[in-house]
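Chains as they are written, first to last, in our numbering: chain V, 1 to 502; chain U, 503 to 1004.
Any given hint could be a false lead.
What the hints assert, rightly or not - Below 25 Å or equal to it, Euclidean Cα-Cα: the simulated SDA-like pairs (lysine to any residue) are:
| # | chain 1 | residue 1 | chain 2 | residue 2 |
| --- | --- | --- | --- | --- |
| 1 | V | 11 | U | 862 |
| 2 | U | 928 | V | 30 |
| 3 | U | 953 | V | 296 |
| 4 | V | 30 | U | 622 |
| 5 | V | 16 | V | 78 |
Rather than coming from a laboratory, the hints here were simulated on the basis of the structure.
There are 2 protein chains.
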Amino acid sequence: MAKDKKQPRPKAETPKGFRDYFGAEVTGRKAMLDQIAEVYHRYGFDALESSAVETVEALGKFLPDVDRPNEGVFAWQEDAEGDKPGDWLALRYDLTAPLARVFAQHRNDLPTPYRRYAMGPVWRNEKPGPGRFRQFYQCDADTVGSASVAADAEICSMLSDTLEAVGIPRGDYIVRVNNRKVLNGVMEVAGVLNPAQPDQFAAERGIVLRAIDKLDRLGPEGVRALLGEGRKDESGDFTGGAGLRDSQADVIMAFMDAKRSTGRETVARLHELVTGSSTGAEGVNELETIAALLATQGYGSDRIEVDPSVVRGLGYYTGPVFEAELTFEIRDEKGRPRQFGSVAGGGRYDDLVKRFTGQEVPATGISIGVDRLLAALHAKGRIATDAIGPVVVTVMDRDRMADYQAMVAELRNAGIRAEVYLGNPKNFGNQLKYADRRNSPVAVIEGAEEKTAGVVQIKDLVLGAKIAASASHEEWKSQPAQFEVPRAEMVREIRRILAGER
Amino acid sequence: MAKDKKQPRPKAETPKGFRDYFGAEVTGRKAMLDQIAEVYHRYGFDALESSAVETVEALGKFLPDVDRPNEGVFAWQEDAEGDKPGDWLALRYDLTAPLARVFAQHRNDLPTPYRRYAMGPVWRNEKPGPGRFRQFYQCDADTVGSASVAADAEICSMLSDTLEAVGIPRGDYIVRVNNRKVLNGVMEVAGVLNPAQPDQFAAERGIVLRAIDKLDRLGPEGVRALLGEGRKDESGDFTGGAGLRDSQADVIMAFMDAKRSTGRETVARLHELVTGSSTGAEGVNELETIAALLATQGYGSDRIEVDPSVVRGLGYYTGPVFEAELTFEIRDEKGRPRQFGSVAGGGRYDDLVKRFTGQEVPATGISIGVDRLLAALHAKGRIATDAIGPVVVTVMDRDRMADYQAMVAELRNAGIRAEVYLGNPKNFGNQLKYADRRNSPVAVIEGAEEKTAGVVQIKDLVLGAKIAASASHEEWKSQPAQFEVPRAEMVREIRRILAGER
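The task is simple: from the sequences and hints, build the whole structure.
Structure follows, in structure tokens:
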């Protein structure tokens, strides 16, 4: 510590884009994670917790809008060992890439199909923005080793059940389903993809994918511009486009606009659009099967629907893709109404495990953005933001700390959250201010007089606040906020107050 | 993905020193964290979750045995912004240094004293070893802003309650308490510390501290060697010593050996050893007060005791230090009996917040090594390692997936964990092997015949396993492991099996 004198003081700040979570923010998130895990578990998924740190090569590069190596992730190089340079390590950016590594590593010890759920923070080395942090929670469920679209359908129904379990009522959300194969079929028809030479037009296809994914934000005109020559944004920055001809761009735009009022009509329209592409037809058939499986289980289009505008930004999807959107309006920071938007996304990624093993292992899954979902529930006032504080035993006489500790021990043994005031007890007002700040329901006072008389003073802080807020004190007269009880009855009286029985 | 063809396949491996946790390992830890949080919460502590990433300057350098910058932590430099070089960021190595940063940053919005608990992974860039990982869980509780030793005493009693709450019975653990001030007093008496010039002998004191902390591992002779000229270990490596004279080393050794059969006698012996040092006397008095507070609450020396050999390795402690040790024997990997050892440690660190603000903010707390505690409960057979699997609905006819999905939906709606087999259904034996691997209690079979007859086959896999293991099948005859029930009674019958009523 001696060195600190010579150095400037460190800044007490989280790094840019990171934040701390306090009290009810932490317990509220935990309660939601528990609810989600309960649904995942009931569906037969087992828990997995992989390490937060992975080798950069195991993670691969699948983040959207990321081209340079290590962009988008927090990465560092291990110390060299002798002549051998250290491995590059990185914090995981999602829970899917690590799952592929885990399955490849442990495949001989895991059941197949392997259903697993995982929850925890992920990290993105992105530019932070308002409400956009570089560490956030995901809660995923995936089925590895099943090629059946029944696995995809199940992910959709489970997602629907999960949203309702955490408090989003039916009607306030929609699970949208699409299929990358349909998009590939459409790109074949438009001539942006040649099935005989899949590597051709790779750059163009990447731009098309990212452009469609931005439909929400840029609107049809913006997407159209990106499909063509490119787009100048409000700040004047220019983003290069895919360079499609108008006739090609028309096909893509028609695809995004293919949603009809029923699933059946949407599927029929998609069949028209992919005519001539076997991949496209396969994709539409898969969508039909998924919709049929879900319909027989009662998941109608009020909960889950086929929507061709959903593509998801991540690079590893190969088949069905899913997105859950909250459909109610909230007010943004400036009080303007806006749709809340996406809270979960996922899809099928049949090639991720193959990266490691060379063998194709089909897989599908969903990732819930827990922090966004929490924000939505907050915005709707469906989460308590104020936790109730502990009973505070005040310190009237600092030499009798043992007495006060004995009082809280009694309360705690009775299952009541309680603590002794441990600050400087000199100023009694500070002790009551502290209890107020903690949102304490009750304070207990035992001075020398009380000690001699064998009594304690109990202060009902909730009632006290009501009286203070009330215009007339008359109605509270029969219920004084502070009263005296025999010491032996302290626990019983406090329990009555907490139960609302007094 | 096209690029992968040119590159070697990535290795499916966790980075060295990291590992994955599966199924019951995850849920078992979560259950333990919940139990610990329940006790912390009852004691009045509020939840805090700080970011996993901190600036290197905010974390400071307090790890034991670490001298070079960034040694011991995983750190990387942010990208530069224009001319401004990027900040150095690092993964937190404990939950205490981040708490000091949080309190300094948010002190105007937090109650004082601030009681908080936190749980989560921490990371150490250390050489991994058997059972020693570079990511592990801690679960901490701290009181910031209280100078009272009542806060230290409370941490000790809470630690004792917590260990019992997670399943360590009284008698199988001991919470040891010591005081850095007593150690400082002893070093004054030995002439290794000059209170008028606290920076003098800093290196010697560091070596003394680390040597005492290794008493468990090196024994008294090893510590004695480190206090003097140094020590050669079994591999022939030499560690330099503090260079104390024999008479000085005698004082330190007497201190470590000062424990007597009662707390009162130990305290008396410590008073003798620190005679002449006011810091030392203050430390012994604090120990006396802590012991007295705990004794009046019934925490006797069977649970909490004063033990001068406890010093804790971390550099930031300034007063009382605590350590919880499990006292039962376990067998190591080679079957040899050994004491399980330390599972929690903590102490008072009055200068950590001051690093940021310049103002002294007293603080004290405890950190439980959750993974070690779990390992202890496993070693004692007190944690279930096998979780029960889901009911598996088998697939006899892949075209009737919707029927099977409807069956699992019914089971799940009844609160029963269930799933359809989603692998390739061709080989029915594989489906039963899968159910076995999942530890499933029940499999359901509905072929074309059953469908027509309106029945399902229910296979009681637990009973089936018993029959298979039994020498005589006679006693099971009245209870066939597979039986047929009307489809409408499927849920009821399965519930009866799961409840053990059949």
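Now for the hints, and whether the structure bears them out:
{"no.": "1", "hint": "11(V) to 862(U)", "in the structure": "holds, 16 Å"}
{"no.": "2", "hint": "928(U) to 30(V)", "in the structure": "violated, 41 Å"}
{"no.": "3", "hint": "953(U) to 296(V)", "in the structure": "holds, 17 Å"}
{"no.": "4", "hint": "30(V) to 622(U)", "in the structure": "holds, 12 Å"}
{"no.": "5", "hint": "16(V) to 78(V)", "in the structure": "holds, 24 Å"}
Taken one by one, the earlier hints fail for this structure only at number 2.
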